[in-house]
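Engineer: From just these sequences and the hints, can you work out the full model?
These protein sequence lines are chains C and A, in that order.
Residue numbering for the first sequence follows our numbering, beginning at 1 and increasing consecutively.
Residue numbering for the second sequence follows our numbering, beginning at 1 and increasing consecutively.
Among the hints, erroneous ones may be present.
[To be verified] Below, computed lysine-lysine pairings styled on DSBU-like, alpha-carbon distance capped at 30 Å:
1) Lys-433(C) with Lys-757(A)
2) Lys-214(A) with Lys-196(A)
3) Lys-276(A) with Lys-475(C)
4) Lys-759(A) with Lys-305(C)
5) Lys-436(C) with Lys-759(A)
6) Lys-528(C) with Lys-386(C)
7) Lys-293(C) with Lys-759(A)
8) Lys-245(C) with Lys-386(C)
9) Lys-436(C) with Lys-196(A)
10) Lys-305(C) with Lys-275(C)
11) Lys-757(A) with Lys-305(C)
12) Lys-276(A) with Lys-186(A)
13) Lys-196(A) with Lys-186(A)
14) Lys-757(A) with Lys-436(C)
15) Lys-245(C) with Lys-76(C)
16) Lys-253(C) with Lys-275(C)
17) Lys-538(A) with Lys-433(C)
18) Lys-320(A) with Lys-405(A)
19) Lys-574(A) with Lys-305(C)
20) Lys-433(C) with Lys-759(A)
[Said to hold, decoys possible] With the Cβ distance kept under 10 Å, some of the chain A side facing chain C (calculated, not the full set):
21) Gly-148
22) Thr-622
23) Arg-641
[Said to hold, decoys possible] Going by beta-carbon spacing under 7 Å, a handful of chain C positions derived as facing chain A:
24) Trp-280
25) Pro-407
26) Ile-414
Rather than coming from a laboratory, the hints here were simulated on the basis of the structure.
Here a beta-carbon is modelled for each residue, glycine too, at the ideal position from N, C-alpha and C.
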Amino acid sequence: MPRPGFVLDVDRSTPPMLFWHGEKFSLERLPADRSRVIYPAESFPGLEDPQSAIRDALENPLDMEPLRALLHADMKLTICFDDASLSLPKMRRPDSRQRIIEAVLDLAAEAGVDDVHIIAALGLHRRMHDYELRHVLGDRIFDAFAPNGTLYQHDAEDPENLVVLGETDHGEVLEINRRVAESDLVVYANVNQVAMDGGWKSLVTGVASYQCLSYHHNPESLQNTRSLMDRHHSALHHSIWRLGKVLRDSGPKVFQIESTINTDAFPSPFDFLSKREWEWTARDRMTYLATAKTLDRMPRRAARKIFHGIEAPYAMTGVYAGFTESVHERTLEDVYRQHIVEVEGQTDILTLGVPFISPYNPESIMNPILVMCMGLGYMFNMYRNKPLVREGGVIIMTHPTYRDFHPVHHPSYIDFFDEVLADTTDPAVMSEKWEKRYAEDEWYRHLYRTGNAYHGVHPFYAWYWGAHGQQWAGKVIIVGGDPTAVRRMGFTPASTMDDAFELASDVVGRSPSITHLHVPSVLVADVK
Amino acid sequence: MIAQSLSKRRIAITGSTGFVGTALVERLLRGVPDCELILLVRNGRRTPAARRTTREILANDAFDRLREEHATSDESFDDMCARRITTIAGDVSADGLGLSDEDRMIFSTADTIIHSAATVSFDSPLDQAVEINLLGPVRIAQLCNDLGITPHLVAVSTCYVAGNRRGTAPEELVSEGPFAIGLEWKDEVESARRLKGDTEASSRQPERLREFRKRARTELGAAGAPALAAKTEQLRERWVRDQLVGAGRSRAASVGWPDAYAFTKALGEQALTESKGNVPVSIVRPSIIESAWAEPRPGWIRGFRMAEPVIISYARGLLKEFPGVPEGTIDVIPVDIVVAAIIAVAAAGPDDAPAITQVASGGINPLKYRTLVNHVRSWFTENPLYDNDGQPIVVPEWRFPGRGKVQTQLSRAKTAIERAEHTMQMLPLRGRQAEFAATLETRRLEVERALEYVELYGLYTECEAIYQVDNLMRLWDEMPDTDRQAFCFDPRVVDWTHYVHEIHLPSIIEHARVKSTPGKVKTADRTTRLRGQVLDPKRQVAAFDLENTLIASNVVESYSWLATRRLDGRERLKYVARTLTEAPGLLRMDRRDRTDFLRHFYRRYADAPVEQIDTDVEAMLTGLIISKCFPEGIRRVRAHRAAGHRTVLITGALSFNVAGLRPLFDEIVAAEMTVRPDGTLSGEMTTVPPTGEARAQILADYCDAENLRLDECVAYADSSSDLPLFEAVGFPVAVNPETRLASIARKRGWLVEHWSKAKGGPRNLLPIGPMLSEREQRRQFL
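Structural biologist: This is the structure we're talking about:
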């Protein structure tokens with residue numbers, strides 16, 4: 001039985017804590033008697049037979065007829081699936097999505113369905129490379145569908161292939177992929193890694209247009225998303241659920257299949273990552289030392305290659321199918337069971353080790369904007385109830401924050417960093433002044449549609465993602481970050497953790513309380 | 001009384017656009033209210049003589065005082081000038097002064113002629129110095145005799161006609177003095193003319209021309225035939241000039257003069273005396289003329305004269321040593337004293353004026369070289385110039401070394417810099433490193449200039465002759481007090497300390513536009529300003545080169561990417577090995593002629609199926625082009641579009657290879673390849689690939705067809721082979737320039753951009769496409 005997550009109070013005997021530092025690690029000693037570390041639960045065991053669990057879910061869906069009954073020969077069937085932003089890191093083959101879609105295709109074949117399209121629900125993310133599609137779907141599906149053009153990726157900038165389905169009572173217009181809208185049945189295959197994923201968000205963002213996404217991907221709604229991991233207190237999710245209702249009422253029939261995975265993110269050489277520091281064996285210590293020293297000496301490019309080459313030994317922990325909302329409730333229960341750690345009260349300083357990866361840089365580079373998005377957007381939002389850090393407190397992140405950008409994946413990020421951030425870091429101002437120009441830029445559109453680039457507006461969304469954290473924190477310090485880059489983002493650079501505590505003292509005084517969110521592994525702090 | 005005796009006279013003046021001439025015109029207009037002036041002015045290349053009078057003479061700040069006086073009088077300054085000044089177009093180096101019949105008539109009405117036209121630069125070519133300095137006065141006398149008139153001819157010469165000598169130099173003709181060696185001026189004229197012809201002929205000898213061509217190529221690179229031809233001809237002309245300058249200097253030295261200027265002036269005096277006929281002649285010999293003591297205002301100066309560049313170079317710390325004899329006399333005379341003396345001679349008339357009047361300070365109010373140097377040093381210690389970082393420049397202590405020593409030092413420095421520069425030119429540098437080479441070039445030019453100063457002016461600081469001013473002082477003694485005040489030409493009035501500290505140095509610092517206040521120079525502002533200019537909505541077209549301007553890639557790389565995309569491991573290895581062995585040859589060919597190289601290289605595309613190329617090219621956009629692009633460059637293209645400019649890509653790359661960049665440009669001009677009926681490429685081009693001078697033509701044609709203006713075009717390119725394009729447009733921008741272009745861009749003040757690839761982008765060691773899975777490798781071409 002895996003041990004649950006818990007809060008450790010740091011005393012003099014507590015060993016230094018592991019921090020991610022981009023493609024590196026560091027061990028930082030936290031001040032005794034006023035620091036605490038929140039540890040996630042140990043990884044849950046996976047399902048013994050995921051294959052039959054999937055079949056079982058398809059035969060016994062929630063609030064819907066079994067999939068078999070929904071399929072008939074002359075129908076239009078569309079299968080959508082989450083793109084490369086899930087899971088992180090990518091999971092070892094076979095991917096949950098492959099297992100699910102293969103099961104669905106088996107049933108479709110039995111029913112004699114010929115008209116099947118498989119669409120990657122990208123939203124405004126970059127198009128996946130062919131090898132990524134192969135990885136997620138497996139060779140069998142790829143080779144059967146890709147050559148004849150029935151496996152493809154959603155294009156949010158193709159006016160021919162977008163249709164309006166209706167409008168919410170808040171005036172939000174649902175505009176989605178034409179094939180999806182005109183299908184007799186849409187099956188969605190998801191990987192629900194964190195509580196933010198899944199539900200109506202899968203389709204309503206994954207196959208929507210830029211216009212449709214801009215209703216909820218904006219500074220105002222993200223500043224009122226408290227938090228991303230708690231859909232009942234998230235303005236973003238409220239808007240999405242309203243659009244989901246339009247989809248349910250005027251759209252195609254949707255058969256949602258959601259799967260959860262455990263937190264077994266790193267293969268064996270990196271075992272020490274998910275262990276608690278005081279339980280490290282001599283061997284773990286050796287591995288840590290060897291790894292950390294090697295990474296220190298290695299060029300960033302090489303370290304990046306190693307980390308992005310990691311295939312996580314994730315195991316499927318649950319799978320549900322049927323009506324989207326019913327399925328998602330069950331999924332959330334499972335996700336929370338794994339992730340929730342109860343925490344007593346807020347803290348003055350929150351420390352976060354920012355890793356090499358975020359949802360927006362698979363096989364790519366963690367550029368400064370993504371560091372902000374990961375730290376203030378994702379990690380800060382790992383809470384329910386109220387944030388871990390008090391309002392006006394200090395957030396300290398560790399990341400090299402180098403000014404490296406991937407020219408193919410993040411072309412508009414480069415310009416965003418040089419032009420927009422040089423002008424303002426205020427999400428509201430940039431949305432007013434700059435967003436439209438980037439969103440409608442012909443060149444970015446061209447690269448998004450034909451290349452492998454994120455949409456022109458995507459850096460704005462990444463920045464808005466951190467809007468709540470940015471507004472909430474009194475000061476944000478990045479330890480070990482490139483000073484120019486850090487300052488341009490409106491943050492404070494520090495060279496060591498001690499310097500960072502020193503810099504924080506003008507906001508939180510000389511003996512602040514400190515909380516460290518222990519990553520890797522994922523947790524959602526339920527702050528009482 | 002000077003004003004009375006010159007009243008109602010018509011005075012013809014040559015050389016009025018010069019330093020002395022301008023001061024003379026001003027002084028006569030102001031000091032002799034009733035006289036009229038006939039100005040003999042050369043037609044400019046574009047501006048006619050009359051226009052030059054208003055623009056180059058009357059617009060000078062010397063006339064500010066007179067303008068002010070006229071602001072309150074009945075007659076405006078312009079009306080007064082129009083009434084009293086007649087401009088005739090002529091040239092003292094042409095027979096009959098090149099006058100039209102009408103102008104001859106006007107010239108013949110002159111009562112007095114003041115000849116102050118000369119080529120004063122010490123390094124003029126011999127033939128030019130002979131034509132102007134030697135034959136100029138002769139021609140004027142000749143014309144007067146032809147016209148049958150006998151006006152009083154006052155010829156301005158120089159004290160230095162006395163040549164290199166120690167001791168006193170009296171006011172007498174050199175040819176009549178004790179040191180005359182019996183030179184015949186006619187022989188000198190003839191030999192100078194012959195030398196000019198010989199040098200011209202020798203400059204056209206095949207091996208010379210080959211050398212000029214080679215040097216032009218080193219300087220410009222593969223800039224295309226027209227640009228190379230222009231450069232070669234320029235080099236040839238410069239060579240001829242240099243030869244003649246050298247000839248002048250050595251001929252002068254061989255017969256005892258410091259330079260061709262003094263030499264030809266001396267012969268000019270002799271020639272004038274011999275051939276004046278009935279024309280009465282007075283010669284005025286000033287020494288080194290510098291800024292005004294009092295008139296029209298203290299410190300007035302026109303142009304950069306002899307001592308100024310030396311002083312400024314010293315103050316900027318560039319000239320650390322200057323030769324000279326510390327106890328020697330440096331004979332300087334303010335311009336207003338010279339002008340007053342000339343007017344006094346003219347007023348005295350042919351009968352009373354001395355035949356030769358020297359206007360110099362050495363004899364009666366000497367300025368010692370050491371005193372001058374100390375004055376200059378103390379002044380710049382108190383009022384230093386500032387370097388670009390806003391730091392004051394400390395002036396070096398002057399140790400009065402011998403000329404030979406300074407020359408050796410400078411020559412050594414020059415050689416060292418030249419070597420470094422040559423090495424830099426050989427290296428394949430770009431961007432900032434190339435800028436460093438351009439800095440070296442600037443340093444070399446500075447050293448070269450210092451060397452030139454030392455060679456030219458060193459003799460003057462070492463000159464120990466004392467110029468007697470007996471005639472001048474006799475003239476002065478006879479002057480009534482009123483004239484002494486209005487036309488002061490007594491060299492004794494000058495207080496040298498006051499002159500150097502309060503008058504001369506402040507004036508030349510203002511003139512030289514050097515940095516005399518602390519604070520950092522904002523070079524960044526210049527770049528911002530230039531960027532603002534190129535992105536101004538008034539511009540119409542932005543033309544871009546591709547390779548190394550927008551992407552760090554080339555045609556070989558894109559070919560390799562496409563060619564290897566469908567190969568397996570072993571074949572790839574073979575391909576890479578083969579390409580590497582061919583590389584030096586390809587590089588050589590590219591350096592020789594880009595067009596030939598492209599034509600030869602593109603043959604390799606023969607037999608490639610178009611359909612397959614089209615699919616592969618799509619993958620190449622992200623696989624190669626975007627990952628190697630300069631994000632700032634791409635942003636600039638779009639900034640031009642946003643500003644409403646047309647964007648044009650002109651590249652030697654094949655059209656299908658750049659198809660992915662379509663959305664950035666309104667027009668793509670690229671190399672086109674013909675397709676065979678069976679759907680394969682032929683490997684042959686339909687037109688000449690757009691490289692070198694063809695690009696300028698293409699852009700010009702485009703502008704013509706679209707009714708746009710070429711001078712409102714912006715052009716971005718990286719190589720000196722794009723010079724014709726740069727020269728054709730109004731706004732050239734050098735992107736990551738290679739060494740040659742960097743130095744050209746620096747000299748011409750072009751905008752230089754340093755663009756780089758996104759840090760962290762994918763980096764392939766070998767330019768080969770990513771391996772496709774086996775089932776995707778259907779067909780190959782190789």
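Engineer: Are the Cα positions of Lys-436(C) and Lys-759(A) separated by 30 Å at most?
Structural biologist: holds (27 Å)
Engineer: Between Lys-574(A) and Lys-305(C), is the straight-line Cα distance small enough, at 30 Å or below?
Structural biologist: holds (27 Å)
Engineer: For the pair we were handed, Lys-757(A) and Lys-436(C), check the Cα-Cα distance against 30 Å.
Structural biologist: Since the Cα atoms of Lys-757(A) and Lys-436(C) sit roughly 26 Å apart, the hinted pair holds (cutoff 30 Å).
Engineer: Are the Cα atoms of Lys-245(C) and Lys-76(C) separated by 30 Å or less?
Structural biologist: holds (22 Å)
Engineer: Compare the distance between the alpha carbons of Lys-433(C) and Lys-757(A) with 30 Å, and conclude whether the hinted pair is satisfied.
Structural biologist: Within the cut-off at roughly 27 Å; holds.
Engineer: Answer holds if the nearest beta-carbon of chain A is closer than 7 Å to that of Ile-414(C); otherwise answer violated.
Structural biologist: holds (4 Å)
Engineer: Can the restraint linking Lys-538(A) and Lys-433(C) be considered satisfied, given a maximum Cα separation of 30 Å?
Structural biologist: holds (24 Å)
Engineer: Is the straight-line distance between the alpha-carbon of Lys-528(C) and that of Lys-386(C) 30 Å or less?
Structural biologist: Between Lys-528(C) and Lys-386(C) the Cα gap is close to 8 Å, so the pair holds against 30 Å.
Engineer: Does Gly-148(A) pass the interface hint, meaning its C-beta sits closer than 10 Å to a C-beta of chain C?
Structural biologist: violated (80 Å)
Engineer: Quick check on the hint: Trp-280(C) CB to chain A CB, less than 7 Å?
Structural biologist: violated (33 Å)
Engineer: Check whether the Cα positions of Lys-276(A) and Lys-475(C) lie no farther apart than 30 Å.
Structural biologist: Violated: Lys-276(A) and Lys-475(C) sit about 93 Å apart, past 30 Å.
Engineer: Mind checking the alpha carbons of Lys-320(A) and Lys-405(A) for me, to see if they're no more than 30 Å apart?
Structural biologist: holds (12 Å)
Hint check: violations occur at hints 3, 9, 16, 21, 24; the rest are consistent with the structure.
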